[in-house]
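*Asks:* Spelled out, the chains give:
2 protein chains.
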Amino acid sequence: MNSRSNGALPSIRERILETALDEFYTCGFHGATMRNIAKAAGCSAANVYNHFENKSELLVEILRRASDEQFTATRNALRKTGDDPAERWRAAVAAHSLYIARNPRACLVANSELRYLGEIDRKRVVGSRDAQEQLFVDIAEEAVAQGIFSVRRVSQAVAAVLTMCAGIPLWFREDGPLTAEEVADDFALYALNLVGYSAG
Amino acid sequence: MNSRSNGALPSIRERILETALDEFYTCGFHGATMRNIAKAAGCSAANVYNHFENKSELLVEILRRASDEQFTATRNALRKTGDDPAERWRAAVAAHSLYIARNPRACLVANSELRYLGEIDRKRVVGSRDAQEQLFVDIAEEAVAQGIFSVRRVSQAVAAVLTMCAGIPLWFREDGPLTAEEVADDFALYALNLVGYSAG
Numbered sequence: 006m007n008s009r010s011n012g013a014l015p016s017i018r019e020r021i022l023e024t025a026l027d028e029f030y031t032c033g034f035h036g037a038t039m040r041n042i043a044k045a046a047g048c049s050a051a052n053v054y055n056h057f058e059n060k061s062e063l064l065v066e067i068l069r070r071a072s073d074e075q076f077t078a079t080r081n082a083l084r085k086t087g088d089d090p091a092e093r094w095r096a097a098v099a100a101h102s103l104y105i106a107r108n109p110r111a112c113l114v115a116n117s118e119l120r121y122l123g124e125i126d127r128k129r130v131v132g133s134r135d136a137q138e139q140l141f142v143d144i145a146e147e148a149v150a151q152g153i154f155s156v157r158r159v160s161q162a163v164a165a166v167l168t169m170c171a172g173i174p175l176w177f178r179e180d181g182p183l184t185a186e187e188v189a190d191d192f193a194l195y196a197l198n199l200v201g202y203s204a205g
Numbered sequence: 006m007n008s009r010s011n012g013a014l015p016s017i018r019e020r021i022l023e024t025a026l027d028e029f030y031t032c033g034f035h036g037a038t039m040r041n042i043a044k045a046a047g048c049s050a051a052n053v054y055n056h057f058e059n060k061s062e063l064l065v066e067i068l069r070r071a072s073d074e075q076f077t078a079t080r081n082a083l084r085k086t087g088d089d090p091a092e093r094w095r096a097a098v099a100a101h102s103l104y105i106a107r108n109p110r111a112c113l114v115a116n117s118e119l120r121y122l123g124e125i126d127r128k129r130v131v132g133s134r135d136a137q138e139q140l141f142v143d144i145a146e147e148a149v150a151q152g153i154f155s156v157r158r159v160s161q162a163v164a165a166v167l168t169m170c171a172g173i174p175l176w177f178r179e180d181g182p183l184t185a186e187e188v189a190d191d192f193a194l195y196a197l198n199l200v201g202y203s204a205g
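In the order they appear, the protein sequences are chains A and B.
Everything in the first sequence is counted per this note's numbering, starting at 6 for the first residue and increasing by one.
Everything in the second sequence is counted per this note's numbering, starting at 6 for the first residue and increasing by one.
Hints listed in this document are in silico derivations from the structure and should not be mistaken for laboratory results.
Just so you know, these numbers come straight off a predicted model, no measurement behind them.
C-beta atoms are modelled at their ideal positions from N, C-alpha and C, and glycine is treated no differently.
Hints may be right or wrong, so weigh each one.
As the list claims (entries may be wrong) - Output of the computed footprint for chain B on chain A, the stretches with three or more beta carbons under 8 Å from beta carbons of chain B:
id, segment
1, 25–35
2, 155–164
3, 169–179
Claimed, not checked - Sample of chain A residues at the chain B side, in silico, Cβ under 10 Å:
id, residue
4, Leu113
5, Ser117
6, Leu183
7, Phe192
8, Val200
9, Gly201
10, Tyr202
Using the sequences provided together with the hints, build the complete structure.
*Replies:* What follows is the structure, encoded as structure tokens:
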């Protein structure tokens, strides 16, 4: 998450969120401890508790931020795209994939640790994800209505595309042969193919 | 995993593997305890240690078995399929997806907990997965060579397809509107589309 994008030193709250992500990534939700998170952030455990009630609260905040940032990236890409649903689908999948390739740890933790949150906390995160998913469903349904996508179950196809993108951090390496942009473009093409897009 | 498929009562070792999968699924690798696993299996912790040296050993055995069973299911499906690479691709993806839809917990644990294994243990699991992946790469490369698939980076497309399938347990419900077979057939079609299949 680009909490340092303005160049200023991160606040203690931001530092805690960054070290908590490291800790969740390395040890999993159940293995993570508030003490380790505090230590890595250079503060006391009491200081962490001043900002976050417990581990769940930290995980909820990390996952909601990542989801919100990703959603914003997708909507920004769509703002620069015209009305053609195929172009909108391509732009949305590329932006969504690019965020994942650039924020692999947050996205991996989102997929592997979400199920350890309690019911209420999970709902707080899932709401933001559902909104993202709906955006993709709307674009695909419009494309099906216009006869340019040929896919039977739109929601299921969207789930397939989004989980395909969510898998990028499992194999993509920043220092590998492909850039994040190239991977994102490839995945946008896969997603266009998957829904039976025909340009004619 | 279908350890009870012969109808006999499971041995204590099998019971431990089943309760360990429950425990890893519910609590994650770091949250799981050998004591809870023993209790759920109806034996002592010492008994568990007679069969498995530690938690890692249990996770390795669960993940390797699931991977081997899945691989066997795919190869069995291919044995009943002819030489056409498109048909082989469809059959392989359908069998692979069907195994995931029928064994959601083992597949979810494989994806979320694998990274907590140490380097050597991870390699023991990943070897079996790599062999599966190579099977899909070989089919797709043959199809590209014959000009019936149009995809630039075969390994990346295979990774996209396999992670798309791995996401099935995140949304598929056995008591939902679709059967595991229907989902598997849909995913085989997505996978054919994804690689730019054209029937000629």
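*Asks:* Run every hint past the structure and note whether it holds.
*Replies:* So, going through the hints one by one against the coordinates:
Evaluation of the coverage hint for the segment 25–35 of chain A: fulfilled, as 4 residues show C-beta separations to chain B shorter than 8 Å, against a requirement of three. Chain B is given as covering the segment 155–164 of chain A, and this holds because 5 residues of the stretch bring a CB closer than 8 Å to a CB of that chain, at least three being needed. Counting residues of the segment 169–179 of chain A whose beta carbon lies closer than 8 Å to any beta carbon of chain B gives 6, which reaches the threshold of three, so the coverage claim holds. Because the smallest distance between the Cβ of Leu113 of chain A and any Cβ of chain B comes to about 8 Å, under 10 Å, the interface hint for this residue holds.
Hint on Ser117 of chain A holds. Least Cβ distance to chain B is approximately 3 Å, under the 10 Å limit. Evaluation of the Leu183 of chain A hint against chain B yields a held restraint, the C-beta minimum of about 8 Å falling below 10 Å. A distance limit of 10 Å between C-beta atoms decides the matter here; for Phe192 of chain A the minimum to chain B is near 7 Å, and the interface restraint holds. With a least beta-carbon distance of about 7 Å to chain B, the hint placing Val200 of chain A at the interface is held under the 10 Å criterion.
About 6 Å separates the beta-carbon of Gly201 of chain A from the nearest beta-carbon of chain B, less than 10 Å, and the hint is met. For Tyr202 of chain A, the shortest C-beta to C-beta distance to chain B is roughly 9 Å, which falls under 10 Å, so the interface hint holds.
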